[in-house]
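Sequence order for the protein chains is A and B.
Everything in the first sequence is counted per the numbering used here, starting at 1 for the first residue and increasing by one.
Everything in the second sequence is counted per the numbering used here, starting at 1001 for the first residue and increasing by one.
Take these hints with a grain of salt, some might be off.
In silico BS3-like links for lysine-lysine, alpha-carbon gap of 27 Å or less [unchecked claim]:
1. B/Lys-1039 <-> B/Lys-1106
2. B/Lys-1039 <-> A/Lys-134
3. B/Lys-1039 <-> B/Lys-1272
4. B/Lys-1106 <-> A/Lys-138
5. A/Lys-227 <-> A/Lys-300
6. B/Lys-1106 <-> B/Lys-1272
7. B/Lys-1272 <-> A/Lys-134
8. A/Lys-227 <-> B/Lys-1039
Here are the computed distance ranges between Cβ atoms for each label pair [stated by the list, open to error]:
9. A/His-74 <-> B/Arg-1185: 26 to 32 Å
10. B/Gln-1219 <-> A/Gly-112: 55 to 61 Å
11. A/Lys-134 <-> B/Ile-1147: 34 to 40 Å
12. B/Ile-1147 <-> A/Lys-138: 36 to 42 Å
13. A/Gln-73 <-> B/Gly-1244: 19 to 25 Å
14. B/Pro-1210 <-> A/Arg-135: 50 to 56 Å
15. B/Arg-1185 <-> A/Lys-134: 34 to 40 Å
No lab work stands behind these hints: they were computed from the structure.
For each residue, glycine too, the CB sits at the ideal point set by N, CA and C.
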Amino acid sequence: MATSSDWAVEATGLVKIFGDNRAVDGVDLRVRTGSVYGVLGPNGAGKTTVIRMLATLLRPDAGHATVFGHDVQHEAQIVRQLIGVTGQYASVDETLSATENLVLFSRLNGLGRAESRAKANELLEEFGLTAAAKRPLKNFSGGMRRRLDLAASLISQPPLIFLDEPTTGLDPRTRSQMWDTIRRLVSTGSTVLLTTQYLDEADQLADRIAVIDTGRVVAEGTADELKSSVGKSSLQLRLVNPADRDDAVRAIRSVLGVDVTLSPEAARITAPMQDPDRITDLLVALREQNISLTELAVQKPTLDEVFLTLTGHGVETDAATQPDASETPKGRVNA
Amino acid sequence: MSTITSTIQSGASRELRNHVSVGQTVRNSFSMAYRGLLKVRRTPEQLIDVTLQPIIFTVMFTFIFGGAIAGNVASYLPLLIPGILVQTVITTSVVTGVQLREDMDKGVFDRFKSLPIARIAPLAGALLADTVRYTIATTITFVVGFILGYRPEGGIGFVVLAGLLVIVCAWALSWIFAFFGVIARSASSVQGISFLVLFPLTFLSNAFVPSDTMPDWLQWFVNINPVSHLVSAVRDLANLGTVGSDFWLALLGAAVVVMIFAPLTVRAYMRKA
Ligand SMILES: Nc1ncnc2c1ncn2[C@@H]1O[C@H](COP(=O)(O)OP(=O)(O)O)[C@@H](O)[C@H]1O
Ligand SMILES: [Mg+2]
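All chains should be modelled from the sequences, with the hints used to inform the complete structure.
Next up, the structure:
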């Protein structure tokens, strides 16, 4: 049996009701110390509300949660000494400069005047913000703001860090920088609980993932477990010469041993992909038969597909208004 | 040494306390007040109400009412400057509530709430930082008065004491507006409710005109209005150099306001924070 220190977060039956909206409706979570835990769900699923309850910012209407064994309600002040929170919307002071923010939060964390200054400089350096340190935050890009926000959460070197949608709205380069930062954090022994709308982000970072929809956990497991519950990726081919279609279909059948789907104009062939290694064999076979491709793509399961499989309904806005949303390759849920 | 690459002490092995000491509460409050001052430095336009208003009001009232009420400008100044001072500084204290509301709606408030600091520090810090605003308004009013020809008979010591009295009373009143700030839904509604309270308090007083020309019912209100006592106390101090009963009544009024509104505000604030 696990002792309480094995778990950074243990929550059972968390409920939060806003008016008649059950924003969080009986959520259980267990986050192992030293791991990265991803909470995956579309906009409005209740991710932020869960984080706010765990971070002592919001009182649960029912249920119970502990952080390193300390009750978030009765030992809130202890819990606050153990966590760092990076909110979905920048939780830094917009009117101050980056340095002023970090010095202020260092002072509030109990550091002395000189220590605070040193800490601020160290963090600015660490997060590549030294050049912008004196500028007001109004001119900061989304990525810089997020980095500053994260830096502010690390002042007290908390063993548990909450990151609420750390990369939403960031460009791909800034996003992968943020991923690197999160990975480095984890390598120092921090436990990270992050929320995201992106399946690939949870996949990249999280050891375990909880999929949350309308306030409930609809699936929980490792990324691999989740994906296999959704089905594998699919392979898409587009031919230079549509007349090669039958030969190509035959080749796929014999090499991959699966049936294919043809698009209406018949130029595109989609095949379920079980084993990525076999693709090489298929490509060799196609070349031997002189079948040229204009396009080759591997499509991962999207969040929409995860949802469809797990809940029986798609991500609401997308499923209802954008029938082809499931074709976007990254699983991004439109806000 | 790098923050992110040093190993983090595990949650289970840390020494933790679930309460905040008085010393820490004071330190946290001063840190928050320091933030308030930094904000003022970053957005100096916030100071318009405490700089321009005393200048404009003093000059305007002096020349509009001076001749009519006191016969000439010079003899109106000893009556007017204390009145303008009290009115300006008290109006300034409304901003405390408005800014508190704006602040509590911002993302940074979440961070304050997630830090292991005294819960009350952001509120205490805001109230503390605003005393600087009152000091600026007080100084400017006296200086403008001096330029217009006001020579308080009480001397500099009593003028300073009068200024301090006004600052203390404005600070006390700011608890009322802070309370509105905590319970209101939006910053503009804070402003609305606050001015509804403020206008009768400042205008139905002896701040600009002597009360003896008013109808009886109004005189009754003006005479119990704590703002009138504050204005009279400032006049006594600055013009005569005396500490009269009005001084103590004004302080008593301030103490009563704090005794009622501080617990109310803190309770409402803690419920939200
Ligand atoms: N302070 C609040 N008052 C009322 N409703 C809220 C509040 N915060 C969140 N909600 C509602 O709760 C639900 C979950 O919101 P949230 O936790 O922010 O979702 P997510 O972070 O997954 O996008 C939404 O329907 C949202 O409108
Ligand atoms: Mg959210």
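Hint numbers not upheld by this structure, sorted from lowest to highest:
7, 8, 13
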